[in-house]
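Could you put together the complete structure from these sequences and hints?
361 is the number that this note's numbering gives to position 33 of the sequence shown; each next residue is one higher, with no gaps.
Bear in mind the hints are in silico, worked out from the structure with no lab data behind them.
Glycine included, each C-beta is placed from N, C-alpha and C at the ideal position.
Check before you lean on any hint, since a few could be wrong.
Stated by the list, open to error - The calculated label-pair distances, taken between Cβ atoms and stated as ranges, are:
hint, residue 1, residue 2, range
1, D378, D451, 16 to 26 Å
2, A389, R424, 30 to 40 Å
3, D451, A389, 25 to 35 Å
4, T422, A389, 16 to 26 Å
5, L380, V440, 25 to 35 Å
6, A389, N420, 28 to 38 Å
7, A377, V440, 10 to 20 Å
8, N399, G375, 11 to 21 Å
9, E373, G431, 14 to 24 Å
10, H418, C374, 13 to 23 Å
11, V440, G375, 10 to 20 Å
12, H427, W372, 14 to 24 Å
13, N363, H427, 30 to 40 Å
14, W383, L449, 11 to 21 Å
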Amino acid sequence: MATTAVSLTPTPAQASGSTCTRAAFGDLCAFYRINYGGSRTGFWECGNADYLNPWVGFQSAGDGQHNAVGNNAGSFRNDDLAGGVRVYEHANWTGRSDHWAPGAGSGNSNFVTRNNNRSHLCD
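Here it is in structure tokens:
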């Protein structure tokens, strides 16, 4: 009888490091804290329908490491120089949203999806 090993480790496209750069983390970076603070994880894909299914966690060292990104990201940074990205408060790209222009980000603690985020989609 053959068995198959299944990894329960989250596997979003990310890399660890001390900064969130496009080369290391991808086009969109999520941070656990506002103003680009705490642990971070990156997304190479242009859309993610639900950060909690499959589970996506913060990967780099720092406050919030191993916590779920869904409803926990305090700030985002868009490093894609060609397109914007919209982060939504609910899964499947629904609910209120915030938009970041190409190459821009926001450390502002007043944006709609701060700690209330479940999906993103590129322009």
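Taking the hints in turn, this is what the structure says about them:
Between D378 and D451, the C-beta spacing of about 20 Å keeps the proposed range 16 to 26 Å intact. As the Cβ distance of A389 to R424 is approximately 31 Å, the hint placing it in 30 to 40 Å holds. Under the hint 25 to 35 Å, the C-beta atoms of D451 and A389, about 32 Å apart, fit the expected range. The hinted range of 16 to 26 Å is not satisfied by T422 and A389, whose Cβ atoms lie roughly 33 Å apart.
Distance hint check: the CB atoms of L380 and V440 are about 18 Å apart, inconsistent with the given range 25 to 35 Å. The supplied range of 28 to 38 Å is met by A389 and N420, whose beta-carbon atoms lie about 31 Å from each other. Taking 10 to 20 Å as the suggested C-beta distance range, the pair A377 and V440 conforms, at roughly 19 Å. For N399 and G375, the hinted distance range of 11 to 21 Å is satisfied, since their beta carbons lie about 18 Å from each other.
The hinted window of 14 to 24 Å between E373 and G431 holds, with their beta carbons roughly 18 Å apart. The given range of 13 to 23 Å is respected by H418 and C374, whose C-beta atoms sit roughly 18 Å from each other. A hinted range of 10 to 20 Å for the beta carbons of V440 and G375 is consistent with their spacing of about 18 Å. Restraint check, H427 to W372: a C-beta distance of roughly 20 Å satisfies the suggested window 14 to 24 Å.
Look at N363 against H427: about 19 Å separates their beta carbons, and that is not inside 30 to 40 Å. As the Cβ distance of W383 to L449 is approximately 19 Å, the hint placing it in 11 to 21 Å holds.
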